[in-house]
Amino acid sequence: MIVYLRSGGKLHELLKPDVDQYTRRVETDEGATLVEILGELGIPLAMVAFAFVAGKVQKLGYVPSEGDVITIQSPVAGG
Amino acid sequence: MTLSADELERYSRQMGLPDWGGDGQERIDTRSAPALIAGHDIAIDCLDTLEARFVLNRACVALDIPMLYAAVGGFTGQLSFIHPPTTPCLECFIPHKIPTEKPQVSGCTTGMISSLEALEAIKYLTGIGRTLAGRLLIVEGVEPRFDILEIEKDPDCPACGSQAE
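Taken in sequence, the protein lines are chains A and B.
Residue numbers for the first sequence follow our numbering, so the first one is 13 and each next one is one higher.
Residue numbers for the second sequence follow our numbering, so the first one is 35 and each next one is one higher.
Some hints could be false.
[What the hints assert, rightly or not] With a straight-line Cα cutoff of 16 Å, these simulated EDC-like cross-link-like pairs (lysine to aspartate or glutamate) come out:
| id | chain 1 | residue 1 | chain 2 | residue 2 |
| --- | --- | --- | --- | --- |
| 1 | A | LYS71 | B | GLU177 |
| 2 | A | LYS71 | B | GLU184 |
| 3 | A | LYS68 | B | GLU186 |
| 4 | A | LYS71 | B | GLU186 |
| 5 | A | LYS68 | A | ASP80 |
| 6 | A | LYS68 | B | GLU177 |
| 7 | A | LYS71 | B | ASP188 |
| 8 | A | LYS68 | A | GLU52 |
| 9 | A | LYS68 | B | GLU184 |
| 10 | B | LYS136 | B | GLU85 |
| 11 | A | LYS22 | B | GLU60 |
| 12 | A | LYS71 | A | GLU48 |
| 13 | A | LYS68 | B | ASP181 |
Hints are computed from structural coordinates only; laboratory data are not their basis.
The model shown is predicted, which means the values in this text are computed figures rather than measured ones.
Start from the sequences and build out the full structure, keeping to the hints where you can.
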């Protein structure tokens with residue numbers, strides 16, 4: 013199954029985009045959670061606060077579907 | 035452009051925050067937060083750590099006071115109007131235990147998000163327009179990209195869910 017991970021924030025370097033400047037194509041097993049996918053890519057979970065898919069915020073237990081574009085968001089704390 | 039020592043000192047002085055203990059300053063923690071917001075119509079988050087925001091979030095949930103969540107990191111900004119049980123609370127979508135580094139923020143991102151935050155407050159207080167209730171605005175300044183996302187209540191949220199502590 014193919015999904016697309018994207019990030020424009022500070023996760024950008026860890027993500028190693030290959031589709032465009034912000035997006036990486038990832039081949040993964042059906043039923044894999046976002047936590048498992050991030051683990052395979054070596055992205056520390058502590059650096060990801062949540063994700064969003066198709067305009068909806070999702071937690072890291074989210075199970076992606078074929079073709080999902082998943083934007084991962086690092087925590088932001090400043091103000 | 036390189037700043038001279040004199041310019042650096044001048045700018046640093048202008049940017050520096052006053053020491054703690056000045057008029058109107060109060061540290062926010064689980065003890066002080068309820069008293070700081072009690073009796074007010076809205077709490078406007080201008081805090082600089084997630085931990086302080088979680089404290090404010092819980093106080094707002096307990097006292098049924100709406101909270102504007104606004105945070106920035108680098109060129110990224112987030113903004114939402116929070117007022118459970120009508121909307122999710124902060125802990126419904128950001129895990130409470132997530133660690134954060136000392137943020138580096140760009141002034142222009144902070145200026146943009148804080149202006150939008152002020153607009154949200156004005157809309158709520160005057161009853162005009164539509165707030166970001168149940169929605170989260172994310173600004174990625176580098177792309178640039180603006181997303182307005184739906185956020186859902188977490189029934190197991192430790193702050194506002196059925197298992198609330």
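Evaluation of the provided hints:
1. For the hint linking LYS71/A to GLU177/B, the alpha-carbon distance of about 23 Å lies beyond 16 Å, and the restraint is violated.
2. Distance restraint check for LYS71/A and GLU184/B: the Cα-Cα separation of roughly 13 Å lies within the 16 Å cut-off, and the hinted pair is therefore satisfied.
3. Pair hint LYS68/A plus GLU186/B holds up; C-alpha atoms about 8 Å apart against a cutoff of 16 Å.
4. Simply put, LYS71/A and GLU186/B have alpha-carbon atoms about 10 Å apart, close enough for the 16 Å limit, and the pair holds.
5. Pair hint LYS68/A plus ASP80/A holds up; C-alpha atoms about 12 Å apart against a cutoff of 16 Å.
6. For a cut-off of 16 Å, the pair hint linking LYS68/A to GLU177/B is broken: about 20 Å separates their Cα positions.
7. Proposed proximity of LYS71/A and ASP188/B is supported: the alpha carbons are some 10 Å apart, at most 16 Å.
8. The straight-line distance between the Cα atoms of LYS68/A and GLU52/A is roughly 24 Å, outside the 16 Å bound, and the hint therefore fails.
9. Straight-line distance between C-alpha atoms of LYS68/A and GLU184/B comes to about 5 Å, which keeps the hinted pair within the 16 Å bound.
10. Among the hinted pairs, LYS136/B with GLU85/B is consistent with the structure: their alpha-carbon atoms are about 12 Å apart, no more than 16 Å.
11. Between LYS22/A and GLU60/B the CA atoms are separated by roughly 32 Å; this puts the pair beyond 16 Å, and the hint is violated.
12. Among the hinted pairs, LYS71/A with GLU48/A is consistent with the structure: their alpha-carbon atoms are about 13 Å apart, no more than 16 Å.
13. Between LYS68/A and ASP181/B the alpha-carbon distance is near 10 Å, which keeps this suggested pair within the 16 Å criterion.
Of the numbered hints stated above, those contradicted by the structure are hints 1, 6, 8, 11, listed in ascending order.
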